[in-house]
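Enquirer: Please model the entire structure based on the sequences and the hints provided.
Chains as they are written, first to last, in the numbering used here: chain A, 1 to 111; chain B, 1 to 117.
These aren't lab readings, by the way, just hints derived from the structure by calculation.
Note that the structure is a prediction, hence the values are computed from the model and not measured.
By construction, the Cβ of each residue, glycine as well, lies at the ideal position given by its N, Cα and C atoms.
Errors might be hidden in some of the hints.
[Said to hold, decoys possible] If you want the footprint, here are the derived chain B segments under chain A, 3+ residues with CB under 8 Å: (1) 41 to 51; (2) 107 to 115.
[Unchecked claim] Computed spacing ranges between beta-carbons, pair by pair: (3) B:Gly-16 with A:Ser-52: 45 to 51 Å; (4) A:Phe-46 with B:Ser-15: 32 to 38 Å; (5) B:Gln-42 with A:Thr-96: 21 to 27 Å.
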Amino acid sequence: DQQVKQNSPSLSVQEGRISILNCDYTNSMFDYFLWYKKYPAEGPTFLISISSIKDKNEDGRFTVFLNKSAKHLSLHIVPSQPGDSAVYFCAARSYTDKLIFGTGTRLQVFP
Amino acid sequence: GAVVSQHPSRVICKSGTSVKIECRSLDFQATTMFWYRQFPKQSLMLMATSNEGSKATYEQGVEKDKFLINHASLTLSTLTVTSAHPEDSSFYICSAPRLAGHTDTQYFGPGTRLTVL
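Expert: Here is the structure:
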C-alpha cells in the first residue's frame with residue numbers, strides 16, 4: 001500500500017524552463033511534507049518542506065505547493081539548471097516522526 | 001560537509017554470512033536513527049527506528065532477528081544483516097534528525113550497497 005506516490009518516474013526539461021514534479025498521498029493525517037534530492041550512490045539531501053497548514057513555500061528557485069483537498073503536492077523548479085538533474089523524492093511525515101517516501105522522479109535538465 | 005557517515009560504502013559477501021553496517025552522526029548526537037532500504041527503481045522503505053539505550057522498533061514485515069540493530073552510543077547505530085541471502089542485496093541508508101522531533105533536519109548517510117552472492 002503506497003501511501004505516497006510519484007506517478008511520473010522520469011521528467012526531461014530544457015535548461016531555463018520550469019520543472020514540475022508531482023506527488024500524491026493518501027493519508028490525511030500526514031502533517032508535514034518534504035522534498036529530497038538524490039544523486040546515484042548517495043543519500044538523499046533535504047531540499048524544501050511545507051507544513052500542512054500552508055499551501056505554498058518558496059526557497060529561491062524552488063517552490064512547493066500543497067493542495068490538501070486533493071492530497072497533492074508539487075515541486076516547481078524555475079529556472080531549471082543542468083545541476084538539478086537528479087532523482088527527487090517527496091516524503092510525508094507521520095505523527096510518529098517517520099518519513100514515508102514516494103518512488104521518486106528522475107529529472108533530467110538538458111541544455 | 002557530511003554530517004552522517006556510513007561504513008562500508010560497498011560490501012560484497014557470500015550467502016550465509018553476516019554483514020555489519022555502521023552509521024555515525026559526525027557533529028551531533030542522535031538519540032534516534034532510522035534505517036532504510038532501497039531496491040532498484042523503488043522508494044526508500046523504512047526498516048526500523050534505532051533508539052539509543054533501548055530496543056529498535058521495526059516496521060511491519062521486517063524480521064528483527066535477521067536485521068539486528070544496535071544503538072550503542074549517541075553517535076553510532078549499527079545494522080547487522082545476519083545470514084545474508086541474495087534477496088537481501090540492496091542499498092541501505094541510515095538517517096538521523098539533528099534536532100530531536102524535527103524530521104526536516106533529518107540528515108541521510110551516503111548509503112551502503114550490499115551485494116550477496
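Enquirer: Confirm or reject each hint.
Expert: To see whether the hints hold, each was checked on the structure:
1. 41 to 51: holds (count 7)
2. 107 to 115: holds (count 6)
3. B:Gly-16 with A:Ser-52: 45 to 51 Å: The hinted range 45 to 51 Å holds for Gly-16 (chain B) and Ser-52 (chain A), with Cβ atoms some 46 Å apart.
4. A:Phe-46 with B:Ser-15: 32 to 38 Å: 36 Å, holds
5. B:Gln-42 with A:Thr-96: 21 to 27 Å: 22 Å, holds
The structure shown violates none of the earlier numbered hints.
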